[in-house]
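There are 2 protein chains.
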Amino acid sequence: MTAGERLRDVGEFGFLSRMLPTLPQGTEVALGPGDDAAVVDLGRTRVVACTDVLVEGSHFRRDWSGGREVGRKAVAVNLADIAAMGARTVALLAGVAAPGDLDASWLDALAQGMVEESAGVGASVVGGDLVAGDQVAVTVTAIGVLDGPLVTRAGARPGDTVAVCGRLGFAAAGLAVLQRGFRSPRALVDAHRCPHPPYAAGPAAAALGARAMIDVSDGLLADLGHVSDQSGVGVRVDPDRVPVSDQLEQMARGLGVDVRTWVFGGGEDHALVACFPPEQTMPENWTAIGTVVEGTGVDVAGWDSIPEGLTASAGFDHFAR
Amino acid sequence: MTAGERLRDVGEFGFLSRMLPTLPQGTEVALGPGDDAAVVDLGRTRVVACTDVLVEGSHFRRDWSGGREVGRKAVAVNLADIAAMGARTVALLAGVAAPGDLDASWLDALAQGMVEESAGVGASVVGGDLVAGDQVAVTVTAIGVLDGPLVTRAGARPGDTVAVCGRLGFAAAGLAVLQRGFRSPRALVDAHRCPHPPYAAGPAAAALGARAMIDVSDGLLADLGHVSDQSGVGVRVDPDRVPVSDQLEQMARGLGVDVRTWVFGGGEDHALVACFPPEQTMPENWTAIGTVVEGTGVDVAGWDSIPEGLTASAGFDHFAR
Numbered sequence: 003m004t005a006g007e008r009l010r011d012v013g014e015f016g017f018l019s020r021m022l023p024t025l026p027q028g029t030e031v032a033l034g035p036g037d038d039a040a041v042v043d044l045g046r047t048r049v050v051a052c053t054d055v056l057v058e059g060s061h062f063r064r065d066w067s068g069g070r071e072v073g074r075k076a077v078a079v080n081l082a083d084i085a086a087m088g089a090r091t092v093a094l095l096a097g098v099a100a101p102g103d104l105d106a107s108w109l110d111a112l113a114q115g116m117v118e119e120s121a122g123v124g125a126s127v128v129g130g131d132l133v134a135g136d137q138v139a140v141t142v143t144a145i146g147v148l149d150g151p152l153v154t155r156a157g158a159r160p161g162d163t164v165a166v167c168g169r170l171g172f173a174a175a176g177l178a179v180l181q182r183g184f185r186s187p188r189a190l191v192d193a194h195r196c197p198h199p200p201y202a203a204g205p206a207a208a209a210l211g212a213r214a215m216i217d218v219s220d221g222l223l224a225d226l227g228h229v230s231d232q233s234g235v236g237v238r239v240d241p242d243r244v245p246v247s248d249q250l251e252q253m254a255r256g257l258g259v260d261v262r263t264w265v266f267g268g269g270e271d272h273a274l275v276a277c278f279p280p281e282q283t284m285p286e287n288w289t290a291i292g293t294v295v296e297g298t299g300v301d302v303a304g305w306d307s308i309p310e311g312l313t314a315s316a317g318f319d320h321f322a323r
Numbered sequence: 003m004t005a006g007e008r009l010r011d012v013g014e015f016g017f018l019s020r021m022l023p024t025l026p027q028g029t030e031v032a033l034g035p036g037d038d039a040a041v042v043d044l045g046r047t048r049v050v051a052c053t054d055v056l057v058e059g060s061h062f063r064r065d066w067s068g069g070r071e072v073g074r075k076a077v078a079v080n081l082a083d084i085a086a087m088g089a090r091t092v093a094l095l096a097g098v099a100a101p102g103d104l105d106a107s108w109l110d111a112l113a114q115g116m117v118e119e120s121a122g123v124g125a126s127v128v129g130g131d132l133v134a135g136d137q138v139a140v141t142v143t144a145i146g147v148l149d150g151p152l153v154t155r156a157g158a159r160p161g162d163t164v165a166v167c168g169r170l171g172f173a174a175a176g177l178a179v180l181q182r183g184f185r186s187p188r189a190l191v192d193a194h195r196c197p198h199p200p201y202a203a204g205p206a207a208a209a210l211g212a213r214a215m216i217d218v219s220d221g222l223l224a225d226l227g228h229v230s231d232q233s234g235v236g237v238r239v240d241p242d243r244v245p246v247s248d249q250l251e252q253m254a255r256g257l258g259v260d261v262r263t264w265v266f267g268g269g270e271d272h273a274l275v276a277c278f279p280p281e282q283t284m285p286e287n288w289t290a291i292g293t294v295v296e297g298t299g300v301d302v303a304g305w306d307s308i309p310e311g312l313t314a315s316a317g318f319d320h321f322a323r
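Chains as they are written, first to last, in the working numbering: chain Z, 3 to 323; chain A, 3 to 323.
Keep in mind that the hints were calculated from the coordinates and are not lab data. Watch out, some of these pointers could steer you wrong.
[To be verified] Facing chain A, according to a computed beta carbon distance under 10 angstroms, are these residues of chain Z, among others:
#1 Arg8
#2 Ala100
#3 Val259
The beta carbon of each residue, even a glycine, is placed where N, CA and C say it ideally should be.
The whole structure should be built from the sequences, with the hints applied where relevant.
Here it is, written out as structure tokens:
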């Protein structure tokens, strides 16, 4: 790293792509940093773990989201990561920084939201820490267990079918609505406040033989790019097969937005994307949207150019100017 | 919680003591919140986990501590919690919030410090998250495994010997030195920058039959208070047996401080305190400092009153005014 270089010049992805490979990994580590979650092999149990940080201002605004919604979201983004490995979450821990003048009932609601979202998958909030900070920051760690096969981002093979389960673009649309000063439609705004990832679909896809999987946290194209990179393959997307809801289309038209920026670039719905062997019948609730091919990178069939606004949102970097 | 009540009015301990008991715990949770770490029983493996948050301004200052020292400390406080359960840490995850204008080399040093401290116990940093925030906040989660008996805060019995392993008061003295504008003596200042808890002593004490254990993070008397509360016993401390280094005595005299405020009230050295059955010979590096008795609370033999300054520091509350 060049002396005096600022974090925002290097960027989140730039810093991590340089730093993560330098972390030494012990013999008990089956999968280190760089996937949706890490895997530790404790001999008779494979434990899966991940951490996500939500910071006020970057990830939520307290005038847009209540404590309960932030609590649900902080847990949901982690549950989705564990599900994307084919695992189920058992326990969560929360590290919370908050200003002293925060209304204590907001924190009560935060805890309530965490418990609700965890209970939905049978997981428990088992511990945490609460400290003073200038802004609200919520760090949740999820600990899961692998009952079946592990699915990483690295197993896709040419010929595999690329499929998606869950919503795309709803959270991005909801954020766009809020940013324009509206509080409705409720379905979109709520999607920004708290995602509803298809948790159970992760282990189910693993059991059915999914060869690679990821949760859509950076945006569909950006996350397919991660699968492409880590599997050493190309991904060809058929945009006509990517589900776009009528509600999103209408809202995009109303706001003068290309709906593709939300659907292909919006990341916070935490849908699951998996690559299935070609002979695999699509499981229920999964939609085939493309094919794994020889080569590198992500190609969208029929797109001459990347829609305006999509480049910036695909692979959102918190430190980008 | 009364409507409109602020976090600083309720306090960290007040909020947690009210909130934690409301968290539902699933059948796989062997020990929920309220101890040094939680324990999840995965059938053939007992996983131990804890989270600690360090926030710039509250827990460290960047003009007093380098990134490497903050990284070591953020890991150390968690390793000590895992050790205090009798477990060994296998993996750690780090959630980091940082301002965009932070020098990227500071974050490199942070990662380096985390790796160094983890490597000392054979653990790996397996994952994390990096996001933008107004101040540096580092949340580390440690995941450990129990190879032997679990030791909680709740097992002490009247007649047990109370013993300590590790340093007391050094970090508090180092902080006092820094707060007065000095940068030496180095041993004290370094103790504030990064503790050196006796990690291996935790599982060793568990194997020898320790009935209760805690790491000293709030201060010796405050943490003995936690053992007293959770075991339903009283603790009688013989202050003449509590180790006080000559260096601390001299520094306290020089600064006009009662050294007992550091030794009995200072929390950040993360010594281990355990209660051993009366017939147990003290293991190497452990010093007997008192006895578990019938009753409640912590009593220091021969003290007519609590030394000035100790009340405030015992059980440090981040939100107290």
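Structure-based check of all given hints:
1. With 10 angstroms as the threshold, the beta carbon of Z/Arg8 comes within range of chain A, its nearest partner Cβ sitting at about 5 angstroms, so the hint holds.
2. Checking Z/Ala100 against chain A: minimum C-beta separation of about 6 angstroms stays under 10 angstroms; hint holds.
3. About 24 angstroms separates the beta-carbon of Z/Val259 from the nearest beta-carbon of chain A, more than 10 angstroms, and the hint is not met.
Of the numbered hints listed earlier, the single one contradicted by the structure is hint 3.
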